[in-house]
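Peer 1: Assemble chain B onto chain A, guided by the hints.
Here are the chains, one letter per residue:
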Amino acid sequence: MSLTEENAAVTTPAPSPGAALRIARELRGWSVEQVAGQLKLSVGQITALEADAFDSLPGNTFVRGFVRNYARLLGLDVQLLQDQLALLLPPERPQAALPRLPQEDGPSFAAGASAPRSLLGILAAVAGLMLGAVLVFWYMQQPSSPEVDAPEASVPLGNLVAVASDASVVAAIDASVPQVVASPASSFALASRPIGVASEPVIVISPASLPGAIGASVPLGHGDLVISAQSDSWVQVLDADGNKLYSGLLKPGAEQVLGGKLPYSLKIGNAPNTRVIFRGKQIDLASSTRAEVATFELK
Amino acid sequence: MFGLSGYFANDIAIDLGTANTLIYMQGKGIVLDEPSVVAIQQEGGPSGKKTILAVGAEAKKMLGRTPGSINAIRPMKDGVIADFTITEQMLKQFIKKVNPSRLFASPPRIVICVPCGSTQVERRAIRESALGAGARKVELIEEPMAAAIGAGLPVEEATGSMVVDIGGGTTEVGVISLGGIVYANSVRVGGDKFDESIINYIRRNYGMLIGETTAEEIKKRIGSAFPGAEVREMDVKGRNLAEGIPRSFTISSNEILEALTEPLNQIVSAVKQALEQTPPELGADIAEKGMVLTGGGALLRDLDRLLMEETGLPVIVADDPLTCVVRGSGMAIDKLDKASGIFTND
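In the order they appear, the protein sequences are chains A and B. Number 219 in the working numbering belongs to position 219 of the first sequence; there are no gaps in the numbering. Counting from 1 along the second sequence, just add 299 to a position and that's the residue number in the working numbering.
Just chain A, with the same shape it has in the complex (with noise of 0.2 Å):
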């Protein structure tokens, strides 16, 4: 019987702390209170230990420095046992040693402040400084004069305004684009451009002339009249106050629109090639025709 509980005994998984205590206690013939009397314990909390009721004792820090205490009085190994009382003692209030305080709530600068807090930091830094020098270079590729672009831009839409002389209005406008008039009925089309925008193309189409849409520079005033060349013409076309509406050689096909104030005194350097048409008439120029230079005024 002995023999079989010996061996019961030696097959045993080794035991907890508390039953290692309190098996060489009894080995040894002390009893719970003369412990108690050696490590200044109560008899309650060394029965605690040896039952491995740690609950019940003040916390881990304390139920190890016991543990400590009591293995060294009965002289067992201290290391072991403290090594199996980690696996049993409940895991410790993370900070439990310090103060929570209700201002914690707020982001910590220092709490934990590891890898990748770090890098997260490094990662902001690099951004910014990035960020910082992709403004200075565009800073820098800034044209010096920008006000060339800046009034198209601002051009708002009633401004751009297309007019036929015999109303037949067709206007569909968009700012951005090249504007195409077209003026089926009529025989030209007039395109009145708005102020200030001088290098916006508009393109007149005239069934009278077509095939060959004329990129034409429009002066400010009526466009009643229309000079067109068949061959190389030198025109001139002053209004009332002497103004030059138009002074330049016409190239042949070429046609020009041309407004003012009336009178308009023309001066046609190839009169027999050149048509005049003034306010939807053709002109006679062979009247005022001499040695192929017609000389006349339009009223």
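Computed footprint of chain A on chain B, listed as stretches where at least three residues anywhere in the stretch have a Cβ under 8 Å from a Cβ of chain A:
| no. | region |
| --- | --- |
| 1 | 444-453 |
| 2 | 589-603 |
| 3 | 612-626 |
Ranges of calculated distance between the beta carbons of each label pair, as one might list FRET restraints:
| no. | chain 1 | residue 1 | chain 2 | residue 2 | range |
| --- | --- | --- | --- | --- | --- |
| 4 | B | Ala541 | A | Ser42 | 51 to 57 Å |
| 5 | A | Ala86 | B | Gly367 | 50 to 56 Å |
| 6 | B | Leu598 | A | Asp55 | 26 to 32 Å |
| 7 | A | Ala19 | B | Glu511 | 43 to 49 Å |
| 8 | B | Glu342 | A | Trp138 | 58 to 64 Å |
| 9 | A | Ala133 | B | Ser405 | 22 to 28 Å |
| 10 | A | Gln79 | B | Lys376 | 34 to 40 Å |
| 11 | B | Glu557 | A | Gln79 | 28 to 34 Å |
| 12 | B | Lys327 | A | Gln82 | 22 to 28 Å |
| 13 | A | Gly132 | B | Lys348 | 44 to 50 Å |
Read the hints as simulated data drawn from the structure, not as lab findings. Ideal Cβ positions, reconstructed from N, Cα and C, are used throughout, including at glycine.
Peer 2: Showing chain B alone in chain A's frame:
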């Protein structure tokens, strides 16, 4: 945002002890544990240039073994600064060792612990010394509080905890509850006093002179605070005062116990005084849980047994008692940004 400043500066906690200086760095743990010793070389006479030859363990080896031009100094005495300039230089070297200067790095904030019995002048010296060593901001924490936090005591709870921190120069006794120090006392007795007592005992009884390093070795090997069943002996070499010749002799643990009686009694008195001054409710808590020993002095054999017998209370030695103070100070770094009562305002 993203703890940017946390990247650019690693805040550190320093246990600037009489015997050892320990540095704890946030996120890295204890990064330095060196003796508080500085070896200084004097060039060309007493008014010549002084240069630091070594600090820490390397300098400690030189203690008592230096030629005339080299001076190995312990700049801390009784827990406070004895030599301001040397302490500042030592701190600078230690900080440089653990926190090498980096691009964009701002100086670290430092939590540094002071004995609770130190005067305002002494605290100011420690603060200035740390600032001179390159700290951006310095916070002081009293050693009993740091030791209690490091030992894992429930300092924030409404229960009394008693900690006895026996350092190299001072012994701090503190009673802590609800995150504050209820009672603290400091006596200028510690490991150094133990060594001194051993030197004096041997000179008086054997007529032999031994050095500090030998005395420390004796204390560690056969030193004891309570008579035990086993008597240990050790061979010691020293200079015979009468003959002036080095001699060898054997000393026993019982003799060392006798030598240490006086400083140990001072520690026991300080503990008893603390218990007398403790409010009864907290005293009851301490009676149940006992007191916790920290610091290098806690490693003296059977010191807990002595205090147990003298007070009748349970006494336990903290896990890794040598590093409790610096670990506690390190945990306190997290409190730097908060309005926490654990730092001292002096």
